Every structure is written in structure tokens, then in C-alpha cells.
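Participant: Spelled out, the chains give:
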Amino acid sequence: MLTVELTKKWMELFYAQIDQEKAYLSELDTPIGDGDHGNNMKRGVDGVKDSLAKLKDPTLKETLRTIAMALISKVGGASGPLYGTAFLEMAKKCDESQEPAILFAAALEGIKKRGGAKEGDKTMVDVWAPTVKALTDGSFGTEQIKQAVASTKEMIARKGRASYLGERSVGHLDPGAMSSGYLFETFIAAGGVK
Amino acid sequence: MTKKIGIVIVSHVPEIAAGIPRLLEQVAADVALTFAGGTDAGEVGTSATKIVTAFEQNEAAELLAFYDLGSAKMNLELAIEMSDKKVHLYDTALLEGAYTAATLLQADVPLTEIEKQLAPLKIK
Ligand SMILES: Nc1ncnc2c1ncn2[C@@H]1O[C@H](COP(=O)(O)OP(=O)(O)O)[C@@H](O)[C@H]1O
Ligand SMILES: [Mg+2]
Numbered sequence: 001m002l003t004v005e006l007t008k009k010w011m012e013l014f015y016a017q018i019d020q021e022k023a024y025l026s027e028l029d030t031p032i033g034d035g036d037h038g039n040n041m042k043r044g045v046d047g048v049k050d051s052l053a054k055l056k057d058p059t060l061k062e063t064l065r066t067i068a069m070a071l072i073s074k075v076g077g078a079s080g081p082l083y084g085t086a087f088l089e090m091a092k093k094c095d096e097s098q099e100p101a102i103l104f105a106a107a108l109e110g111i112k113k114r115g116g117a118k119e120g121d122k123t124m125v126d127v128w129a130p131t132v133k134a135l136t137d138g139s140f141g142t143e144q145i146k147q148a149v150a151s152t153k154e155m156i157a158r159k160g161r162a163s164y165l166g167e168r169s170v171g172h173l174d175p176g177a178m179s180s181g182y183l184f185e186t187f188i189a190a191g192g193v194k
Numbered sequence: 001m002t003k004k005i006g007i008v009i010v011s012h013v014p015e016i017a018a019g020i021p022r023l024l025e026q027v028a029a030d031v032a033l034t035f036a037g038g039t040d041a042g043e044v045g046t047s048a049t050k051i052v053t054a055f056e057q058n059e060a061a062e063l064l065a066f067y068d069l070g071s072a073k074m075n076l077e078l079a080i081e082m083s084d085k086k087v088h089l090y091d092t093a094l095l096e097g098a099y100t101a102a103t104l105l106q107a108d109v110p111l112t113e114i115e116k117q118l119a120p121l122k123i124k
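Keeping their order, the protein sequence lines are chains A and B.
Mapped onto full-length UniProt numbering, the consecutive letters of the first sequence carry residue numbers 1 to 194.
Mapped onto full-length UniProt numbering, the consecutive letters of the second sequence carry residue numbers 1 to 124.
For the record, the hints were derived by calculation from the structure and aren't laboratory data.
Computed from a prediction, not measured in an experiment: that's the story for all the values here.
A hint or two may mislead.
Using 30 Å as the maximum straight-line C-alpha spacing, the simulated DSSO-like pairs for lysine-lysine come out as follows [stated by the list, open to error]: (1) A:Lys-8 to A:Lys-112; (2) A:Lys-159 to B:Lys-116; (3) B:Lys-4 to A:Lys-118.
Here are the simulated distance ranges between beta carbons [claimed, not checked]: (4) A:Gly-120 to B:Glu-15: 33 to 39 Å; (5) A:Thr-142 to B:Gln-106: 57 to 63 Å; (6) A:Thr-30 to B:Glu-25: 33 to 39 Å; (7) B:Asp-30 to A:Pro-31: 44 to 50 Å; (8) A:Lys-153 to B:Ala-41: 31 to 37 Å; (9) B:Ala-29 to A:Lys-61: 46 to 52 Å; (10) A:Glu-5 to B:Val-44: 33 to 39 Å; (11) A:Pro-31 to B:Glu-15: 23 to 29 Å; (12) A:Lys-113 to B:Glu-25: 31 to 37 Å; (13) B:Val-44 to A:Glu-154: 25 to 31 Å; (14) B:Glu-56 to A:Asp-137: 45 to 51 Å; (15) B:Gln-106 to A:Met-1: 56 to 62 Å; (16) A:Ser-97 to B:Glu-115: 37 to 43 Å; (17) A:Ser-97 to B:Gln-26: 51 to 57 Å.
Ideal placement from N, C-alpha and C gives every residue a C-beta, glycine not left out.
Just need the whole structure built from these sequences, with the hints factored in.
Facilitator: Given below as C-alpha cells:
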């Protein structure tokens with residue numbers, strides 16, 4: 001069950017992870033992008049931290065919406081509207097269910113709609129899609145997430161900046177897949193799934 | 001007199017977003033042109049909030065929007081969801097698409113005809 005408490009803890013851990021891996025994320029974005037993914041995400045989580053701190057007794061919906069708006073307005077790169085849409089869709093869904101599998105599935109649909117990427121296009125979708133599936137069949141976990149991130153290495157990019165490189169994108173991990181991996185790993189670390 | 005339909009330019013770079021309207025003005029003196037370039041901090045990127053502002057600053061109630069790269073499109077779509085204006089989004093080459101639309105709007109060509117001329121310029 002996703003709660004306000006859990007979401008806050010999750011965002012704290014995600015913040016710490018992004019802060020720690022900022023240089024690495026930008027490094028991943030260098031051969032197949034414009035080298036800014038770490039900086040983009042750092043701006044995003046800074047915004048999330050600031051705006052969550054301003055909330056007083058928020059509902060889960062307000063909390064998720066606030067995260068979404070911070071990411072939309074602060075990130076700057078493609079990952080901003082994508083992560084923003086993901087949290088916006090969770091906010092829309094959370095009255096109906098607080099089940100992670102259901103919320104993340106709604107988020108995934110939002111990401112796919114916003115960016116038009118399918119599985120195998122070498123984007124964050126390649127972490128979100130198998131992870132949503134794993135949440136349903138019980139195989140969700142750190143190992144499963146790491147595998148999903150690693151699977152992007154051999155893919156040919158078909159969406160986003162890396163797609164301009166075509167086959168030359170093979171052999172590199174997708175930066176957005178890696179940051180999505182952090183998002184799910186910190187969800188586990190926050191106690192999101194027992 | 002200002003035309004009923006305006007144009008909005010969205011680019012990752014503030015100077016590109018500001019520069020294209022300068023070129024369009026030459027052929028479309030009566031078309032309302034606004035733009036959004038860069039992030040809120042003025043860095044390279046796009047911002048849905050800046051795009052909403054560009055929609056609102058545009059005198060026209062109906063807008064044709066042109067953008068440079070894929071992530072600008074995502075923020076444009078988010079901005080469209082946040083705004084009350086009627087916005088049409090085109091996947092054409094940014095400069096050629098916007099220039100074509102500006103020229104035709106100035107000549108009072110109807111939108112359906114404009115869209116026919118934009119179709120072959122679609123590249124994304
Ligand atoms: N259309 C898309 N659909 C899904 N994910 C995408 C898309 N475009 C880009 N991404 C994700 O965003 C990441 C890049 O984010 P970032 O570097 O912050 O933005 P930008 O590419 O604008 O510089 C990619 O690694 C990829 O995972
Ligand atoms: Mg980038």
C-alpha cells in the first residue's frame with residue numbers, strides 16, 4: 001500500500017541516490033545523449049524536496065501531484081514530462097487503489113502515451129514495463145530491476161535523443177532506464193514491498 | 001488586424017525560439033507569434049510552464065504549435081492539457097513548418113488548406 005509516509009521516505013531515498021549517482025547518470029547520457037541526465041534529475045529531485053517540504057498534512061493525491069509538478073517544471077529534459085506524467089497518473093489513480101502494482105501500471109501507461117515508446121526501444125519503458133509485470137507475478141525485486149536496466153545495453157534506441165544514433169547506440173546502458181532502476185530500488189528500500 | 005490563429009514556437013534553446021519569430025514576422029506581420037525556449041532557468045531544455053505562458057501571451061485563441069526535438073513535444077502536450085486554448089501541434093520540420101503556416105495565415109488561407117501544405121513537411 002502506498003501511503004504519504006512511504007512516499008516521503010521513498011522520495012528522500014531517491015533524492016539521496018540521485019545526488020550520489022548524478023555524475024554517473026550524466027556519464028551514461030554522454031555517448032548516446034547530451035550528457036545532462038544526472039543534472040536534470042538532480043534539479044528534479046531538488047524541486048521535489050522543496051515542494052514536499054512546503055506541504056502541510058497532504059493527502060496521498062496531493063503528495064503525488066506535487067512530486068509530478070516539481071518534476072515537470074524542474075527537470076528540463078525529456079525525462080521531466082515522462083516522470084511527471086508517471087506521478088500525475090498515480091495521483092489520478094490513487095483514490096481507487098493504493099496498490100503499487102496498480103499505481104505503477106497506470107504510471108507506465110502514462111509514460112508510454114506521453115513518449116510513444118514501446119518495450120525494446122531502449123528507454124525507461126524497458127525498466128517500467130517488466131517491473132510492473134514483476135509486481136503482478138511476484139518476481140519484483142532488486143535483482144529483477146537490475147536485469148531490466150542491464151537489458152537496455154544491447155538494444156537499438158528508437159526513441160529519444162539516442163535514436164539519432166541508431167545502431168551506434170548498442171553497447172550503452174540507457175540513462176533513463178538507470179534512473180528508473182533507482183526509483184524502484186529506493187521504493188523497495190523505503191519499505192514499499194515486503 | 002491580428003489574425004484569428006496564432007503561432008507558438010518551442011525550442012530547447014532560448015535564442016532559437018526567439019529567433020524564428022523574427023524570421024516569420026517578415027511574412028506575417030498580422031499573425032500573433034509567441035515562443036518558449038529553454039528551461040525555467042534559461043538552460044537548454046523545455047518547460048511546460050513556459051509553454052503555457054507562451055500560449056497565454058499569444059493574442060489568438062487558436063494556436064498552431066511547432067517544436068524542435070521530441071522532448072519539446074512532450075512538454076507541449078502537457079502544456080496543452082494545462083491550457084484552455086485550442087492548440088494544434090505539428091510534427092513538421094520546425095522552421096519550414098512554422099514559416100509555411102505563417103505565410104498562409106497572413107494570406108487568410110483556411111486551416112484545412114494550411115494543414116495540407118504542412119503534411120509533406122512532417123519529419124517526426
Ligand atoms: N520518447 C521517450 N519515451 C520514453 N522514454 C524516453 C523517451 N525519450 C527519452 N526517454 C528517456 O529519457 C532519458 C533521457 O533523459 P534526459 O537526458 O533527462 O532528457 P534529454 O534526452 O531531453 O536530454 C532516456 O535515457 C530515456 O530513458
Ligand atoms: Mg539528456
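Participant: State for each hint whether it applies.
Facilitator: These are the hints, each one checked on the structure:
For a cut-off of 30 Å, the pair hint linking Lys-8 of chain A to Lys-112 of chain A stands: about 26 Å separates their Cα positions. In summary, the hint linking Lys-159 of chain A to Lys-116 of chain B is supported, as the alpha carbons are separated by about 27 Å, within the 30 Å threshold. Our distance criterion of 30 Å between C-alpha atoms is broken by Lys-4 of chain B and Lys-118 of chain A, whose separation comes to about 38 Å. Evaluation of the 33 to 39 Å hint for Gly-120 of chain A and Glu-15 of chain B yields a pass: the beta carbon distance comes to about 37 Å.
Checked against the given bound of 57 to 63 Å, the beta carbons of Thr-142 of chain A and Gln-106 of chain B, roughly 59 Å apart, stay inside it. Judged by the Cβ atoms, the range 33 to 39 Å given for Thr-30 of chain A and Glu-25 of chain B holds: they are separated by roughly 38 Å. For the hinted restraint 44 to 50 Å between Asp-30 of chain B and Pro-31 of chain A, the CB-CB distance of approximately 47 Å keeps it satisfied. One distance hint, 31 to 37 Å for the beta-carbon pair Lys-153 of chain A and Ala-41 of chain B, holds here, with the actual separation near 32 Å.
Between Ala-29 of chain B and Lys-61 of chain A the beta carbons are some 47 Å apart, a value that agrees with the proposed interval 46 to 52 Å. Take Glu-5 of chain A and Val-44 of chain B: their Cβ atoms lie about 37 Å apart, and the range 33 to 39 Å holds. Take Pro-31 of chain A and Glu-15 of chain B: their Cβ atoms lie about 27 Å apart, and the range 23 to 29 Å holds. Hint check: Lys-113 of chain A to Glu-25 of chain B, Cβ distance near 36 Å, so the stated range 31 to 37 Å holds.
Taking 25 to 31 Å as the suggested C-beta distance range, the pair Val-44 of chain B and Glu-154 of chain A conforms, at roughly 30 Å. Distance hint check: the CB atoms of Glu-56 of chain B and Asp-137 of chain A are about 47 Å apart, consistent with the given range 45 to 51 Å. Restraint check, Gln-106 of chain B to Met-1 of chain A: a C-beta distance of roughly 58 Å satisfies the suggested window 56 to 62 Å. Checked against the hint of 37 to 43 Å, the pair Ser-97 of chain A and Glu-115 of chain B passes, with Cβ atoms roughly 41 Å apart.
A hinted range of 51 to 57 Å holds for the C-beta pair Ser-97 of chain A and Gln-26 of chain B, which are about 55 Å apart.
Of the numbered hints listed earlier, the single one contradicted by the structure is hint 3.
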